[in-house]
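K.L.:
Let chain Y serve as the given structure and place chain Z on it in line with the hints.
Protein sequence lines, in the order shown, are assigned to chains Y and Z.
Note that this note's numbering has the first sequence beginning at 1086, numbered continuously upward.
Note that this note's numbering has the second sequence beginning at 1086, numbered continuously upward.
One should not assume that every hint holds.
The list makes no distinction among identical chains, and a pair is therefore deemed to hold if it is satisfied within one copy or across any two copies.
Claimed, not checked - With a Cα cut of at most 20 Å, we get these calculated SDA-like pairs of lysine to any residue: (1) K1179 <-> R1284; (2) K1090 <-> E1234; (3) K1179 <-> E1241; (4) K1110 <-> Q1091; (5) K1257 <-> V1297; (6) K1090 <-> R1285; (7) K1110 <-> D1087; (8) K1196 <-> E1186; (9) K1099 <-> K1276; (10) K1103 <-> V1155; (11) K1090 <-> K1110.
Honestly, the hints are just simulated from the structure, not real lab data.
Protein chains: 2
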Amino acid sequence: MDYLKQLNWRYATKRMNKKTVPQNKIDNILEAIRLSPSSMGLQPYTVVVIEDEAVRAKMLPAIYNQPQIVEGSHVLVFAVWDGITPEQVQTFIKQIAMEREIPEKSLDGFKNMILGFISQKEKDDLINWNAKQAYIALGTGMVAAALEEVDATPMEGFDPQALDQLLKLKEKGLKSVAILALGYRDSDEDKLAQLKKVRRPKEEFFLKIDSVN
Amino acid sequence: MDYLKQLNWRYATKRMNKKTVPQNKIDNILEAIRLSPSSMGLQPYTVVVIEDEAVRAKMLPAIYNQPQIVEGSHVLVFAVWDGITPEQVQTFIKQIAMEREIPEKSLDGFKNMILGFISQKEKDDLINWNAKQAYIALGTGMVAAALEEVDATPMEGFDPQALDQLLKLKEKGLKSVAILALGYRDSDEDKLAQLKKVRRPKEEFFLKIDSVN
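Chain Y extracted, bound-state conformation (with noise of 0.2 Å):
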């Protein structure tokens, strides 16, 4: 698999054709995303997954009718956690311990560490955190995606506020940052498709440096 190839075919697709992703690929790009490193492996958000028709014709209206959202398969929406509370934290450092089987005591040291950590912050600048990582595995979706030869949208154009109350997500102590849409593209009505994909050149977008004073 040439994934360099396959981030070269990968675009941010206006309009899909209606088919179906089949399961196992949702499964692996769902996958890809659950595996994406954060920030002291926190994983500070969820992702919402929704494949029923019925919901994604809702969400119209709060995601401005972007097609894709009606034409893909499935819609992933990151949804960050609302701050970070301490029962999280323990809840986090609890998995830890089970997993890897060691008495949780001995992650006091860790514990804390992330306890000042989120104690330094205003809750606006945790939500911003989150948000970043959130972003890492959109970004991780989107490479898995390609390698699975689905089209995939992310959308940040959105009314947050009218989506988290459709999906309830604020009771829930989540909101909304970005949208993923997974489906295939529609070639035909998609102006974009055959469009050249354009980036910053690499002299200007790389800087290398060699020597400091």
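P.N.:
Just chain Z now, kept in the frame of chain Y:
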């Protein structure tokens, strides 16, 4: 290439063995990063590439002496634009017009949309937004490294002011937000190397929504 296997193989390497990552692997990882999606395609960040050993050694204090900086062979610093200027938008539009061989004028609607977007945001919000775009690339870079069987350690724990000063990033309108050290694990020295990877369980990390009222 089983990418899920590679994502399971990777971990936030704490100790590296000083072996040099071959140039072709570095080139591939950098190209994957450059191909990363970003909102509106703007790529509002620069990737600083440091291979020189002396420069990496000088970076150590700003990165709280994390050994991967010198035990790996390359360090990438993700440095976001310190805001977004209309000139940067103009450069972006010019580049699209050139690459796609279309008149710049035909992109006026798109340009005005971007200018409208940035004019509504405070500088700090723009920097945060830029950082989120950079984190997509950070995610892409970590997957690419795993596919290349190269170890990669993401780092947020560093002194951005000190690092920006050393690398003279402020003068270039850049702010460092994340680091990726590239190299090869030292499995004997790294206590984390043999530990079980811990991720939030599927049942909790994913939220499947099949109906809404």
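K.L.:
Each hint: holds or not?
P.N.:
Each hint, compared with the structure:
no. : hint            : result
1   : K1179 <-> R1284 : between (43 Å within a copy, 12 Å between copies)
2   : K1090 <-> E1234 : both (11 Å within a copy, 18 Å between copies)
3   : K1179 <-> E1241 : neither (34 Å within a copy, 24 Å between copies)
4   : K1110 <-> Q1091 : both (15 Å within a copy, 17 Å between copies)
5   : K1257 <-> V1297 : between (49 Å within a copy, 15 Å between copies)
6   : K1090 <-> R1285 : within (18 Å within a copy, 31 Å between copies)
7   : K1110 <-> D1087 : both (18 Å within a copy, 13 Å between copies)
8   : K1196 <-> E1186 : within (16 Å within a copy, 55 Å between copies)
9   : K1099 <-> K1276 : within (8 Å within a copy, 46 Å between copies)
10  : K1103 <-> V1155 : within (7 Å within a copy, 50 Å between copies)
11  : K1090 <-> K1110 : both (19 Å within a copy, 15 Å between copies)
Checked against the numbered hints listed earlier, the structure breaks hint 3 alone; every other hint is satisfied.
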